[in-house]
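Visitor: Here is how the chains run, residue by residue.
There are 2 protein chains.
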Amino acid sequence: MTTASICTIGDEILIGQIVDTNSSVISQELGRIGVRVREMISVGDIKDEIAQTIENELKKNNIVIVTGGLGPTKDDVTKSVLYDLSGSSGYVMNEEQLDIIHQILSSRGLDVMEINRRQASVPENCRVIPNRLGTAPVMSVRFPREKFGHEAVLYSMPGVPFETKGALPDVMSDIMDIFALSAITHRTVMTYGIAESALAEKISEWEDALPGNIRLAYLPDPLKGVALRLSVYENEGRKSAPELIEEQLWTLRSVLKDDIYSENGETLQEVVGKLLRTKGKTVSTAESCTGGLIASLLTSVPGASDYYLGSVVSYAVSVKENVLGVPAEIIAKCGVVSSECVAAMAEGVRKLTGSDYSVATSGVAGPGGGSESTPVGLVWVGVSSAAETKTMKFNFRNDRLRNIERFAGSALDGLRRFIKGGVR
Amino acid sequence: MTTASICTIGDEILIGQIVDTNSSVISQELGRIGVRVREMISVGDIKDEIAQTIENELKKNNIVIVTGGLGPTKDDVTKSVLYDLSGSSGYVMNEEQLDIIHQILSSRGLDVMEINRRQASVPENCRVIPNRLGTAPVMSVRFPREKFGHEAVLYSMPGVPFETKGALPDVMSDIMDIFALSAITHRTVMTYGIAESALAEKISEWEDALPGNIRLAYLPDPLKGVALRLSVYENEGRKSAPELIEEQLWTLRSVLKDDIYSENGETLQEVVGKLLRTKGKTVSTAESCTGGLIASLLTSVPGASDYYLGSVVSYAVSVKENVLGVPAEIIAKCGVVSSECVAAMAEGVRKLTGSDYSVATSGVAGPGGGSESTPVGLVWVGVSSAAETKTMKFNFRNDRLRNIERFAGSALDGLRRFIKGGVR
Numbered sequence: 005m006t007t008a009s010i011c012t013i014g015d016e017i018l019i020g021q022i023v024d025t026n027s028s029v030i031s032q033e034l035g036r037i038g039v040r041v042r043e044m045i046s047v048g049d050i051k052d053e054i055a056q057t058i059e060n061e062l063k064k065n066n067i068v069i070v071t072g073g074l075g076p077t078k079d080d081v082t083k084s085v086l087y088d089l090s091g092s093s094g095y096v097m098n099e100e101q102l103d104i105i106h107q108i109l110s111s112r113g114l115d116v117m118e119i120n121r122r123q124a125s126v127p128e129n130c131r132v133i134p135n136r137l138g139t140a141p142v143m144s145v146r147f148p149r150e151k152f153g154h155e156a157v158l159y160s161m162p163g164v165p166f167e168t169k170g171a172l173p174d175v176m177s178d179i180m181d182i183f184a185l186s187a188i189t190h191r192t193v194m195t196y197g198i199a200e201s202a203l204a205e206k207i208s209e210w211e212d213a214l215p216g217n218i219r220l221a222y223l224p225d226p227l228k229g230v231a232l233r234l235s236v237y238e239n240e241g242r243k244s245a246p247e248l249i250e251e252q253l254w255t256l257r258s259v260l261k262d263d264i265y266s267e268n269g270e271t272l273q274e275v276v277g278k279l280l281r282t283k284g285k286t287v288s289t290a291e292s293c294t295g296g297l298i299a300s301l302l303t304s305v306p307g308a309s310d311y312y313l314g315s316v317v318s319y320a321v322s323v324k325e326n327v328l329g330v331p332a333e334i335i336a337k338c339g340v341v342s343s344e345c346v347a348a349m350a351e352g353v354r355k356l357t358g359s360d361y362s363v364a365t366s367g368v369a370g371p372g373g374g375s376e377s378t379p380v381g382l383v384w385v386g387v388s389s390a391a392e393t394k395t396m397k398f399n400f401r402n403d404r405l406r407n408i409e410r411f412a413g414s415a416l417d418g419l420r421r422f423i424k425g426g427v428r
Numbered sequence: 005m006t007t008a009s010i011c012t013i014g015d016e017i018l019i020g021q022i023v024d025t026n027s028s029v030i031s032q033e034l035g036r037i038g039v040r041v042r043e044m045i046s047v048g049d050i051k052d053e054i055a056q057t058i059e060n061e062l063k064k065n066n067i068v069i070v071t072g073g074l075g076p077t078k079d080d081v082t083k084s085v086l087y088d089l090s091g092s093s094g095y096v097m098n099e100e101q102l103d104i105i106h107q108i109l110s111s112r113g114l115d116v117m118e119i120n121r122r123q124a125s126v127p128e129n130c131r132v133i134p135n136r137l138g139t140a141p142v143m144s145v146r147f148p149r150e151k152f153g154h155e156a157v158l159y160s161m162p163g164v165p166f167e168t169k170g171a172l173p174d175v176m177s178d179i180m181d182i183f184a185l186s187a188i189t190h191r192t193v194m195t196y197g198i199a200e201s202a203l204a205e206k207i208s209e210w211e212d213a214l215p216g217n218i219r220l221a222y223l224p225d226p227l228k229g230v231a232l233r234l235s236v237y238e239n240e241g242r243k244s245a246p247e248l249i250e251e252q253l254w255t256l257r258s259v260l261k262d263d264i265y266s267e268n269g270e271t272l273q274e275v276v277g278k279l280l281r282t283k284g285k286t287v288s289t290a291e292s293c294t295g296g297l298i299a300s301l302l303t304s305v306p307g308a309s310d311y312y313l314g315s316v317v318s319y320a321v322s323v324k325e326n327v328l329g330v331p332a333e334i335i336a337k338c339g340v341v342s343s344e345c346v347a348a349m350a351e352g353v354r355k356l357t358g359s360d361y362s363v364a365t366s367g368v369a370g371p372g373g374g375s376e377s378t379p380v381g382l383v384w385v386g387v388s389s390a391a392e393t394k395t396m397k398f399n400f401r402n403d404r405l406r407n408i409e410r411f412a413g414s415a416l417d418g419l420r421r422f423i424k425g426g427v428r
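Protein chains in written order, with the numbering used here: chain B, 5 to 428; chain E, 5 to 428.
It is possible that part of the hints are untrue.
When chains are identical, the list treats them as one kind, so a pair holds in a single copy or across two.
When the alpha-carbon atoms are kept at most 30 Å apart in a straight line, the in silico DSBU-like pairs for lysine-lysine are as follows [claimed, not checked]: (1) Lys206 <-> Lys51; (2) Lys397 <-> Lys285; (3) Lys169 <-> Lys206; (4) Lys63 <-> Lys51; (5) Lys261 <-> Lys206; (6) Lys278 <-> Lys83; (7) Lys394 <-> Lys206; (8) Lys151 <-> Lys261; (9) Lys394 <-> Lys278; (10) Lys51 <-> Lys243; (11) Lys83 <-> Lys206; (12) Lys64 <-> Lys151; (13) Lys397 <-> Lys169; (14) Lys83 <-> Lys51; (15) Lys355 <-> Lys424; (16) Lys337 <-> Lys355; (17) Lys394 <-> Lys63.
Hints listed in this document are in silico derivations from the structure and should not be mistaken for laboratory results.
Let's have the full structure, built from the sequences with the hints guiding it.
Guide: Dropping the structure here:
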């Protein structure tokens, strides 16, 4: 099987200043075309360590994709590693990339400086794949078979996530030109509202009966719930890999029912959006403790303006009363973290925006602000339509950011179930 | 120098399903206590590859921290690797962790199942550091010097980010008990509103004159702007490392002035929060294209309720008109993506919530919805106080999620400059 290693260059990753998201994006694409990613490595901006790591990885793998270390500023060293590895004895100016640099900078009203021009200059033995979204091109070196004892190709990509993503299709088609690949099949079933260990217990019989060539992984996430990933790596049977997986899903669906919210990795906000679009309905949100996160998730989906009208983030009590119209008596009698308050918030925002559905949250994210009756981690979720309003209570006990995420996830899941016609 | 390697276990990372955030958190802590992280590696759930990677890393480094591969479900194999590596010949039940498991599950109203109990069972030659936030304990193996030719310690931590973070202080103090460490000094200066290459040009003289033992890195991010990280690794001079850095910052401040928004890594939302708290003022937000992201960022800061009143996410035109009171004539004449509209939005939300300041956004995030006069990537930002209302225009040209982030970052930066008394 064709294998790959993804190497990320940069002190900023090693000291924990930024999180490497490129490796994840690259490996998704490699998986799709049937390349198995065997390792991901991050090393610092030290030339010898970069060179040694790349060589080591080329010995073990067919494909090595390096990201980072190509920016216009002076802390970059990847290019000189490529110079040595490719046995180049000079640099050449890549005119196509230079044109792109001119276009990009002039569209931003900037002059092309020497520091920018230098980015289009590449070691002579490197192939260039132009980068249309940024100033540093993709460089590639294909090694003779003798060098590492197997077919081996090295790609060096820019490290800015937006540019990495943009250049990936070209890199993938280059890989497909070189290697004969057979695809790995993954399918990801998303669940919400059931903890990982309870889920494992619930589906243990099904899991034990899975065929040997299907692998299962549990992937918990506060916003997305627990994802179940089924993977078929090698399949020599009569049935295709998608058929094999589909067969297993029949049983899984009957066990998990509505706890499954998507079967192809779609997020809660995408699923909610599709439900609304299909029904031709609109939604609005009223958020207290989630502070706009639900709105932000819903509007991260392209085309959300078709069904999403707006939100009132009512952090202050006065906004709950004056904008959403929550009666002062409810707040005085029941408090802001209460079934009554989220019901009034949900109804209030639905009427204010004229939406068909609405969802509201009020809870205690922490670290401060908890009490005996409303401890940190408690959230009330309200969902409302012209026909009815319902509320739900959830208890978590994490740190602020994780609580906010769990609150938002639970609210979106509550909304999904409500629109489908059954609140838990 | 004491070095470390961070190894992440899990097919879910290698196939790109989740992004590894643990390595970043761990390396920040290691850096703080003076350990240099030399490598980060992710490998899949394959026992032989895990074992081989860990051994390799122990040969090269003093400390290896492994995360993941310890969950209650059946896809985990890390523990059996530790069993072999530690030369154990049996498992023992760790009563302290078992107690924690009972507490955690009973507080959630769940029974302790065999699958949970098994997590407290550890290879006999492993030391245990209890994990108070989850069911899997931290396990550690300290190897005799002969084994790898240097002091070497292995830690295996749970992979759930919340638990990894919670167990880190105990692991760090364990490391400090074993090794004599001298700290690395980092300082991060955050800038907004100036592109990486323009910034590099602007400070090139200053950069060239930096002393040899100070390293500089540029870290661009759509939400945070460009961070400049100064690091002192080895310092044998008369001045302390913080003094050395402070000396350099004097010049940098005079060059970059108000483009610097913090000197210790604080985010824009934290800086804005501090400004408001110091002045005893409040803020509200009116968001169109940013869809709640600004509200979500502002409320991610603990204690935000002291100065943040709320937001209206006015995705639909009707919400702009009916809730925020944007005059229909403005929308008809100037459109929703206009200086006039964001000014009216900012004033509207300020009056609606009674806040001292407000910020509003209206733009085209894409992919659809652009026109010749309002292309994808264009955003108007309005800021308002009782004294005045100002608007600013920015042009980006990225994909939807990146545009939304840049819009929100630009709005927060605009608000920061406005509160400080000078809009660009």
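Visitor: Against this structure, judge whether each hint is valid.
Guide: Hints versus structure:
Only between protomers do Lys206 and Lys51 lie at most 30 Å apart by alpha-carbon distance; the minimum there is 26 Å, versus 51 Å within a single protomer. When the C-alpha separation of Lys397 and Lys285 is checked against a cutoff of 30 Å, the pair qualifies only within one copy, where the shortest distance is 25 Å, while the shortest distance between copies is 33 Å. Taking the shortest alpha-carbon separations for Lys169 and Lys206, only the inter-copy value of 29 Å comes in at or below 30 Å, while the best intra-copy value is 38 Å. Proximity of Lys63 and Lys51 under a CA criterion of 30 Å is satisfied in both settings, with 19 Å inside one chain copy and 21 Å between copies.
For the identical chains of this complex, Lys261 and Lys206 are intra-copy neighbours only, at 12 Å inside a copy versus 60 Å across copies, given an alpha-carbon limit of 30 Å. In this assembly of identical chains, Lys278 and Lys83 lie within 30 Å of each other by CA distance neither inside one copy nor across copies; the values are 45 Å within and 42 Å between. For a Cα distance limit of 30 Å, the shortest separation of Lys394 from Lys206 inside one copy, 28 Å, qualifies, whereas the shortest one across copies, 58 Å, does not. Taking the closest pair of Cα atoms, Lys151 and Lys261 never come within 30 Å of each other, the shortest separation being 54 Å inside a single copy and 53 Å across copies.
In this homomeric assembly, Lys394 and Lys278 come within 30 Å of each other (Cα to Cα) only inside a single copy, at 22 Å, whereas the closest approach across copies is 38 Å. Within a single copy, Lys51 and Lys243 get their C-alpha atoms only as close as 49 Å, which misses the 30 Å cut-off; across copies the closest is 29 Å, which meets it. In this assembly of identical chains, Lys83 and Lys206 lie within 30 Å of each other by CA distance solely across copies; the values are 24 Å between and 52 Å within a copy. Taking the shortest Cα distances, Lys64 and Lys151 sit within 30 Å of each other both inside one copy (12 Å) and across copies (25 Å).
For the homomeric pair Lys397 and Lys169, the shortest alpha-carbon distance between copies (27 Å) is at most 30 Å, but the shortest distance inside one copy (40 Å) is not. Proximity of Lys83 to Lys51 under the C-alpha cut-off of 30 Å is restricted to the intra-copy arrangement: shortest distance 10 Å within a copy versus 35 Å between copies. In this homomeric assembly, Lys355 and Lys424 come within 30 Å of each other (Cα to Cα) only inside a single copy, at 21 Å, whereas the closest approach across copies is 38 Å. With identical chains, the CA atoms of Lys337 and Lys355 are at most 30 Å apart both within one copy (23 Å) and between copies (28 Å).
Taking the closest pair of Cα atoms, Lys394 and Lys63 never come within 30 Å of each other, the shortest separation being 60 Å inside a single copy and 59 Å across copies.
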